[in-house]
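Here the protein sequences line up with chains A and B, keeping their order.
The numbering of the first sequence is this note's numbering, which starts it at 2 and goes up by one.
The numbering of the second sequence is this note's numbering, which starts it at 1471 and goes up by one.
Do not rely on the hints blindly, as some may be mistaken.
[Said to hold, decoys possible] Estimated spans, in silico, between C-beta atoms of each pair: (1) A:Leu24 / B:Ala1490: 16 to 24 Å; (2) B:Leu1685 / A:Thr21: 38 to 46 Å; (3) B:Ala1490 / A:Leu31: 17 to 25 Å; (4) B:Thr1515 / A:Tyr35: 17 to 25 Å.
[Claimed, not checked] Far from chain A by the CB rule (all over 12 Å, computed), these chain B residues: (5) Ala1526; (6) Gly1572; (7) Lys1822.
If you are wondering where the hints come from, they were derived from the structure by calculation, not from laboratory data.
Heads up, the beta-carbon is just placed ideally off N, CA and C, and yes, glycines get one too.
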Amino acid sequence: MNESVVEKEHGEELSSWRWTYRLLRVTVMLVAAYWLSRTGDAFFYQGF
Amino acid sequence: MPTIDLASPVFWIITLIAVAVMTPVTHAELRKWLWAGMNLVFIATMLQLRVLEVAAYLVAAYLALRVLGCREWREVVARGGLFLLLCLFVINKMPGWSANWGTGDLNPLLAAVGFSYVFLRLVDVGRVVYEGGRPPPDLASTVNYLLPFHMLAAGPIQSYEDFIDQPTVPKPVTAVEALEAVERIALGLFKKFVVAYIISKLFLTGFSVSGPYMLFEVQAHYLWFYLDFSGYSDIAVGIGRLMGVRTPENFDKPYLARNMIDFWDRWHISLSLWVRRNLFIPMQLAMARRTRGRRALLIATVAFTVSFLLCGLWHGISWPYFAWGAMHALGLVVTNSYRHGLTKRLGTKGVKAYKEKLVYRLLGQFITFQWVAFSLLVIAYPWKGFEP
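In isolation and in its complexed conformation, chain A is listed as follows (with noise of 0.2 Å):
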């Protein structure tokens, strides 16, 4: 068995670089996601 593949998705084994990519792409969203939040006027919706 490749060394890289460490865990199992759906049945698919998910690789050192996917999980890199992936890892990557959660890390892009959430700076994204923190550094608008800064502006203090992103909050609309607050349930009902």
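Got chain A; can you put chain B on it based on the hints?
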């Protein structure tokens, strides 16, 4: 007034502590109490609320639910409890009236815990226990069902059956499952704070511009609302997965809905299921018993109308929300009647062939999208004189 601020570090610190504290615990009872403790810690810190007062209300709800599970007194408790809940609901929705009644002190507390959702959960658990479907919750489960911190802001509304039937100790979360959960949270934050925010900044004027632009803004407003609202649900589902707490899905590509019945299978699914369980089906059954199963279409029409008018008023006690409920009721009634007529005319096979035609699907999707978008315009438009 304290609100749940998803951009606040406190929210995420509490979330991380909850995940760290609950994940390694495999003792069911301890896990339940730890979860209850985290929910109360959240209320005390994030919402800065009178936590002892909240605890006293929870104990009262717990005791009332225990009595509902017994034969004696349950009728009195059911009626009295429903009346009290409705009073609290009106107090929560109508702060102006509440101030005149001398109950204004309750409003910050009710608003902060998201009482609209707590109300729905209490009705659900009350109905299930009253009907004998499940046993009443113990004290820790009462806290966890009514005030799950990650579902307080905007749902989803878990059914009591789903809550009580979940494993007391979930199976351990694998690394990939944890990654998927974090991805879900990140997606929710991205939808809410980035995409929805940019749409609102670029295109939304609060319907202050009339003419052809308003037609465009109606579409952009629906898209913004979906991204913002479903973003909350993504975050709740992601946190739930990390903690091993079952959290129902709330959206399934609603913009692809081809009619209003399909739309409510895809939009705010947990509310739609609540309406079915607690309003539509009981009403339909009661009327069917009276008419001995005749006039099914008329019964469904009445049940759709009453259910969605009440659903509109649940969102807000005002004419725009009533109109929103009426538009959705009309959409559901027309869809149901059309479907009924089509089945009569074409038969089941004919309807299947009809549904497969691309042109009808696209047309249905377009009409449904517009109907929903304009129903949201009704509640977002700055009407004069309709404020509660």
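Among the hints numbered above, which are violated by the structure, and what are their numbers in rising order? As far as the earlier hints go, not one is violated by this structure.
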